[in-house]
Amino acid sequence: MHFHPSFRFVHVAVILMTIALFGCQESAQPPAAPAPPADPEEVIRQIIADSDEKLEAALAEEDVSTTASQIVSALDDYEDHGAMHQFEEFHRGIQDLAGMAHQGASQEELQAKISELKQLADELLAESREIEPASEQE
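In mature numbering (1 follows the signal peptide of the UniProt record, and there is no 0), the protein residues as written are -28 to -1, 1 to 110.
Treat the hints with caution; some may be incorrect.
[To be verified] Using 25 Å as the maximum straight-line C-alpha spacing, the simulated DMTMM-like pairs for lysine to aspartate or glutamate come out as follows:
no., residue 1, residue 2
1, 26, 51
2, 90, 35
3, 26, 94
None of these hints come from the bench; they were simulated from the model.
Given these sequences and hints, build the entire structure.
Here it is in structure tokens:
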């Protein structure tokens, strides 16, 4: 069966147009704008604020060592940032907790340290938010 040459041309043209219209739709959209860089101080605060829940869950799962090490690692990324100085005590406390867990401390000892860190986190976060508006007014 032979097709007329103009039929082949039209058929190929329709296929190419379909591909051009629907096959390349992704590239026709403009690229998404990159996310604005996060404020390092806010990231540090969020890591500390989230640590309460993570540590409680880790204690229940008996995996405090891994979770504490992950929090230490996340804070280590901001160790040289100026905002980190106000959270150094918490950073050291989490490091201590990771060491305690790694050495096989009891659940009671870990719970006591986590409670201590939760209280410290609450105090530090409250202080950092009190300082923030004063520095913005200057």
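Hint-by-hint comparison with the structure:
no., hint, in the structure
1, 26 to 51, "21 Å, holds"
2, 90 to 35, "17 Å, holds"
3, 26 to 94, "15 Å, holds"
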